[in-house]
Amino acid sequence: MLEASVPTVEDHCRVLIYVKQFDPQSPALFNCLLERLQRVHCLQVSDNPRRIFNADFSATINTDLLRFGELQAHRRIIGFIGVVQAPIENEKEVTSQQISDVDTVEDRRVNVSNPRTHFFAEIKEQYDFIKVEYASTVVDSRCVVIGYPEESIKALCSSRELFCFKSLDDADSLEIGIRDFLRSIYYVLESRRLDLSFEKLEFPPCLALIDEQKYRQGLENKTSKIYRKKCIGRLRKQVADYTLMTGLPTLAMDSYHSAIEFLKQSNDLLWLAAAYEGWACAAIIAKYDLADECPSISGMQRISSVTFEQILSARKTSQSGTRSGKCPINYTEIVERFKSALESYERFSFAAWVEYECMMKAASVFRYQRLYADMEDFIREHIGKYLDDSFDQFGHFTKALICLNSAEVYRKIGFNRKCAFFARLGVLFRLHITESGSRTVADYRQVYPVLYRTLIGYGVPENPKELSSDLMRLGPVHIQRKALHEVFMSALRAEYYDAAIRHLCYILQVYYDYMDQETSERMLEEFTKLVASRDVQHQLNEHISLPQHGLIIPPIQMMRFPKLEKFAVCSLPGHLAATTIRPKLHSDIFIYSPFQQEITSKVTWVQDCACEVSVSVINCLPCELSVSNLELLSEGCAFEPIPVRLTLPAYSGNTEAVDLKLIGVPRQLHVHLSDSRESGRLTITGYSCEILGVRNVCKLRDFPERVKSKGFLSSVFDIEILPALPVLELKTSLSRAPISEDDIEPTAEITVYSGQTFEHSVSLVNTSKTITVRHVNLVIRQPKVCGGPCMIEIASPEWLDVSDSTTELRRIEPLERKQIKFRIFGIDPSAMAEDGSQKERDSEAEISTCDAPSIEETHDRIPFTGRLLTCEFIFYYRADIDGPNGEQYERRCRLPLAVSIVPAVTVAAWHVLPGDGPTTRYVVVDVTNNTEWDAELTYGKDRVIGVQPKEFCRVPLLCKCCSEVASNAFQEAASRASHMMQMQEMERLRQILERHVSWHLDIRWSISSSSLSGSVPVGPLLSSVSLLKQLVVPVISVQANVNGMPLLNDDEITVGIGEIVQLSLSLITPTNDTRSFSGLIQLQCYRDLQNGSVIESSDNMIVLNTESIPFQIVQKEETVEIATLSATDTVSVENDYAPVATVNFSKKPVKRVVIQETFHANFQLLFRYEGAHKIRPLIILNDKSIISSDELFCCAISFSVITKVS
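Each step along the sequence shown adds one to the number in the UniProt record's numbering, with nothing skipped, and position 838 is 838.
One should not assume that every hint holds.
The calculated DSSO-like cross-link candidates involving lysine-lysine, where the alpha carbons are at most 27 Å apart (straight line), are [stated by the list, open to error]:
id : residue 1 : residue 2
1  : Lys-200   : Lys-229
2  : Lys-731   : Lys-821
3  : Lys-602   : Lys-661
4  : Lys-465   : Lys-412
5  : Lys-769   : Lys-731
6  : Lys-563   : Lys-482
7  : Lys-264   : Lys-225
8  : Lys-385   : Lys-214
9  : Lys-225   : Lys-214
10 : Lys-339   : Lys-412
11 : Lys-229   : Lys-214
12 : Lys-339   : Lys-229
13 : Lys-200   : Lys-264
14 : Lys-465   : Lys-566
To be clear, the hints were calculated from the coordinates, so they are not data collected in a lab.
Working from the sequences, and respecting the hints, build out all of it.
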């Protein structure tokens, strides 16, 4: 196994105890046992001075170094522990078969009926063999037996050496027994430390190594003083080793010093070097308090039972810096002693490895002093000798271990680049082969973990998530890519194919932008071949575990192939989106603040509805990329993603990203509930797909910061999921067609002529099988008209009116269908509420009330090609489900309607003329035929008039003045306190006048050649306030009688010159006006020139009785008749398109206004000259502020004066 084993100073103060497991072997149990032994490796044997006895429990022994046991006592095997375990259940049959085979082949004389006895005999033989093999050094031994009864193993060894347990978990007394074992070893070593009897011997024994013989020159005089000093020096050195091993580093320094003096005198260089090294190690232990240093766990076999926390603790301890030791020795003196030892070791080639270990221990002095640069200089100065090709004492495998040890040292001090260099150099030595040799899979499996751990030294973290946005800050990119490619090749040749795929994905994901096209194509080709050779699809989101190397390769996210950006959660379509309506609390107090910010509504999804996340996808590869099973990843509520398959074109300079939507369906929120009534949370965490033969999983939180900074995506998307809600489906008798590709709710279309009325229906179907719709609100959005009927009117009796534009239906059961009937009327678009008409309504312009025509010029004229008006039915419906806090969930569905209005017969202009009495007026309407056919107009009492194409005709309509509105009502409305109050009052008065006048303005048209018929839309007339004001009963109306005959028309009266004319004038007032007034009545004579100008001609008329008659009218508040008006009293039977809003639904009593004559005046007059004359009654009020001129109605009387009357 190619693992680093750095020589340390602490090795000199540890007692080596060999732990061996006998067959059958169980690596898992052995590792657990070894771990428990390591817990009791320290034994405090004295308090004053404080002495720590350390043991090193090792399962592996370097036999080449055991021969230096005489030179350095810490290399001896001092103790031995044998481990015997009963086979586990799945291994019993195999073990029994092995024992039977051994009995049959090796010793047929053994009774096969008792194979366990023979098995224990074999174990005892192996146990005794180890004890005999290391009998020269082993002080004590123990045998740990697990799983066998104590009666059956009594013959294995003595009871003092035997530890018997049913299982490792029941071995509570194991630690106590091991401490006793260590204490017995300590007593033996302590006795050897105190044994100085050799000092008194005349001929003390001489310790020696076998390899020393070749360096001996001639024969030594064993009776000489120099030889005796040599022997005593070596024995003192051995005593110093025992002193250091028993926890007395300071006394050990003194012993080493005395040994050095004798060895110097005898010129014993090898043992002198060992003494120098021992003294330096003891000085380091004393100076830096390393006696309590915890050793690293060694000898682990295959399955590691060490936790991550234990490994981290061991690393922190080994990397600890300068200790607060009490030894005053300067570190330079220690280094000099190490250098003296190295000089002496150099003379003995067989001790090259001991020399190397001495050099590494000398370098550790600089580490303890935190002089890392000096440490690097020292290692660089000395290590080159051992790695040189001419240094043949070490083989390539040993040189590889030397490089790995150097890499480990540099790793501890944070020199990652140096660590990576020596690790890669060690791999080169390990893979070195002779000309006849070849590398095997096992060779690459040894070097792969070494190369993998060097990546961090070149700025390549194990996890791509830790990469920064700028790779150049971590080092040269081409070196990073080369190092990673070497790891990939070693994994491939080691037949770790999953790891090779993972490393190649790493290269493509991180370094694709730094490759030329040829390199990238070669990498992609290798990747394709490697993936195709695998039988199982590679999962990039799974960890790859290599327990034999202690490696766990993290997952990788291929965010580049393809590159997904601009993630955004899409709201549900309009007909599926739901709004949560929370109950209003009585304690809520609204406080308006101009600084409050508008909170944007969060996106909510609904269970069992297809939900979307929009994303932009682009292919960065120069070839076509096929992506399959692209789907969303989520957490929280159950979510069923719908996989997408797409093929992206090859990348070029002008390639644009492809926008698509990833779809998924939230499912039942709580599986254990049959009817889920609570909302839940869903978090969109990423996406997964299959590309290039591997499955890729990407998390949004792991996207690079440079992508997040552009605002393309959030780290996560947290969405509220509402419970399943019903869906209303709309079906209509009109034809429907989508206007655009994204139009989910097709628009209904219809073409009507202006004035036509059609009836259609809309059906509402509750598609849910279990959930009821609690109630439905219908809002109709349509062009607003200022007068006349609306374009859309509801005709279904089951729908209840809530407001002018909203109607409500209470309940729709599951799978129930309800029908709504409505009417479409072809309105005149000029009646729509626009700025011009609004301004006209607000104006107080004075309009002539008698003979001056009023022509509306503010409204639009419909062109012949027609005009497209849009409206829509919006249904707001709530599910019969309440949330946990009383929330209600509302959806909406809509029916857009496009109405194309083709002009037929429309109003062009209108005039208001006096009627046949003081309370009637003629509304003269100019009607235009915009069609290409002859049209017939029907008005009044079956009066018919024809209109040719593109021509107009004048239709006189007699209207009775409205007495429900006072003559000064509009003036009072204009004097209201606020503009809003003025507008509301003026609209109320307009609606009253519209209700009174609309049934008089009934004009129907028909085109027999095309079978078309309809009504002339009079909305522009009804929206004109200036017109409606003229249809109010004035406060004073003058009715004239000539010669006793009432004047009913505007015809001229023929009289002769000098003929006396009896003119009687009556003042008529309504009872709804309580104002009293007085004044004079006079007559004014003038001549009309028919060009808009008049000539005063009062001299042509002589009043015989009196020119001025005073009058006084006093109004009294009398009890008037009260009548209740029904809907049919105010709506014309002939005019079925009258607006519903004008119907009196309130059923409130209405005062009936009476028109009465309040004053009568008689005039006698004659004309002096012939010609056409007009007489106008002139009313002069005493107080002009009471009544304005608009409230007076006086018609001029026309006279034709001739010379002779026939």
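*asked:* Hint by hint, where does the structure go against what was stated? Just the numbers, ascending.
replied: none
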